[in-house]
Amino acid sequence: MFADEDEKPDDAEDGSQHGGRLRSFAHERGNWATYVYLPYSGDSDFDELVDLVLRRLCDVGLRMSKQEDFHISLSQTVVLRYHWINLFLQTLRERLGSYHRFNCFTNKVKVYTNQERTRTFLGLEATRGQQDLLGLVTEIDGAMQEFQLQTFFKDTSFHMSLAWCVGDLSDRFNQDLINQLQDVVDEFEDSPRLLRIHAEQLVCKTGHKLHPVPLRDT
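Residue numbers (UniProt numbering): 1 to 218.
If you are wondering where the hints come from, they were derived from the structure by calculation, not from laboratory data.
Check the hints yourself; a few may be wrong.
DSS-like cross-link-like pairs, simulated, lysine-lysine; straight-line CA separation at most 30 angstroms [unchecked claim]:
{"id": "1", "residue 1": "Lys-154", "residue 2": "Lys-110"}
{"id": "2", "residue 1": "Lys-110", "residue 2": "Lys-66"}
{"id": "3", "residue 1": "Lys-154", "residue 2": "Lys-66"}
{"id": "4", "residue 1": "Lys-209", "residue 2": "Lys-154"}
{"id": "5", "residue 1": "Lys-154", "residue 2": "Lys-108"}
{"id": "6", "residue 1": "Lys-66", "residue 2": "Lys-108"}
{"id": "7", "residue 1": "Lys-209", "residue 2": "Lys-66"}
Per label pair, the in silico range of CB-to-CB distance [stated by the list, open to error]:
{"id": "8", "residue 1": "Gly-61", "residue 2": "Gln-130", "range": "30 to 36 angstroms"}
{"id": "9", "residue 1": "Thr-138", "residue 2": "Pro-212", "range": "18 to 24 angstroms"}
{"id": "10", "residue 1": "Arg-117", "residue 2": "Asn-174", "range": "35 to 41 angstroms"}
Cβ atoms here follow ideal geometry from the backbone N, Cα and C, with glycine treated the same way.
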């Protein structure tokens, strides 16, 4: 299962500056790496849960880096021309303005790679709220098509990445290890609260700029 490339900077390609990560396309002046996501702001308890998961991985010789921010991707990363940005944002907001806020839950441990299989992600798959997320993706895809941009992956697995590493290490995550990690998540105190995401607004990231896309209050 593929994960989108999270956090693609708009500066020149330089893997040494980003922990060995390489963008999937070359930087060109006037092009902005753009994607849409549902943000999640975890508290100190959530950080503790992620740290426990990472320590369990270290126990079996797997080292992964914690994500710098947490979110559910709702689009692929696309190349947007600078002069299209405002119109694209207007299109997104018009398409999504009628969608009500909702809750989703991300509590199923799952392993992903990016399309190029140059990075591995440990994530939590959404087990509730998938239809709401799919509805958002349908509208985001519609906006992408208006600008002749790539739509999201078919049969996607909505998830929140917790950690990543360079290379395809998916074969290191056997079912026994997945079960151990799932136990860490399930047994953590107050995990149902921590893993509930209240979708109030989406974010469209263009380069380093974050643009809010609010959902309708009920």
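Starting from Lys-209, check that the Cα of Lys-154 is at most 30 angstroms away, please. 27 angstroms, holds
Go ahead and decide if the range 35 to 41 angstroms is satisfied by the Cβ distance of Arg-117 to Asn-174. 18 angstroms, violated
Mind checking the alpha carbons of Lys-110 and Lys-66 for me, to see if they're no more than 30 angstroms apart? With Cα atoms ~15 angstroms apart, Lys-110 and Lys-66 stay inside 30 angstroms; holds.
Given the hint that Lys-209 pairs with Lys-66, does the C-alpha gap stay at or below 30 angstroms? Since the Cα atoms of Lys-209 and Lys-66 sit roughly 22 angstroms apart, the hinted pair holds (cutoff 30 angstroms).
Regarding the pair Lys-66 and Lys-108, is the alpha-carbon distance no greater than 30 angstroms? Since the Cα atoms of Lys-66 and Lys-108 sit roughly 17 angstroms apart, the hinted pair holds (cutoff 30 angstroms).
CA of Lys-154 to CA of Lys-66, is that 30 angstroms or under? 27 angstroms, holds
So if I understand the rule, the pair passes when the alpha-carbon distance is 30 angstroms or less; does Lys-154 with Lys-108 pass? Holds: Lys-154 and Lys-108 sit about 20 angstroms apart, inside 30 angstroms.
Against the 30 angstroms threshold, does the CA-CA distance of Lys-154 and Lys-110 hold or violate the hint? 18 angstroms, holds
For Thr-138 and Pro-212, compare the CB-CB distance with the range 18 to 24 angstroms and indicate the outcome. Taking Cβ atoms as reference, Thr-138 and Pro-212 lie about 20 angstroms apart, which means the hint holds.
Within 30 to 36 angstroms: is that where the Cβ-Cβ distance between Gly-61 and Gln-130 falls? 33 angstroms, holds
In the structure shown, a violation is registered for the earlier hint numbered 10 alone.
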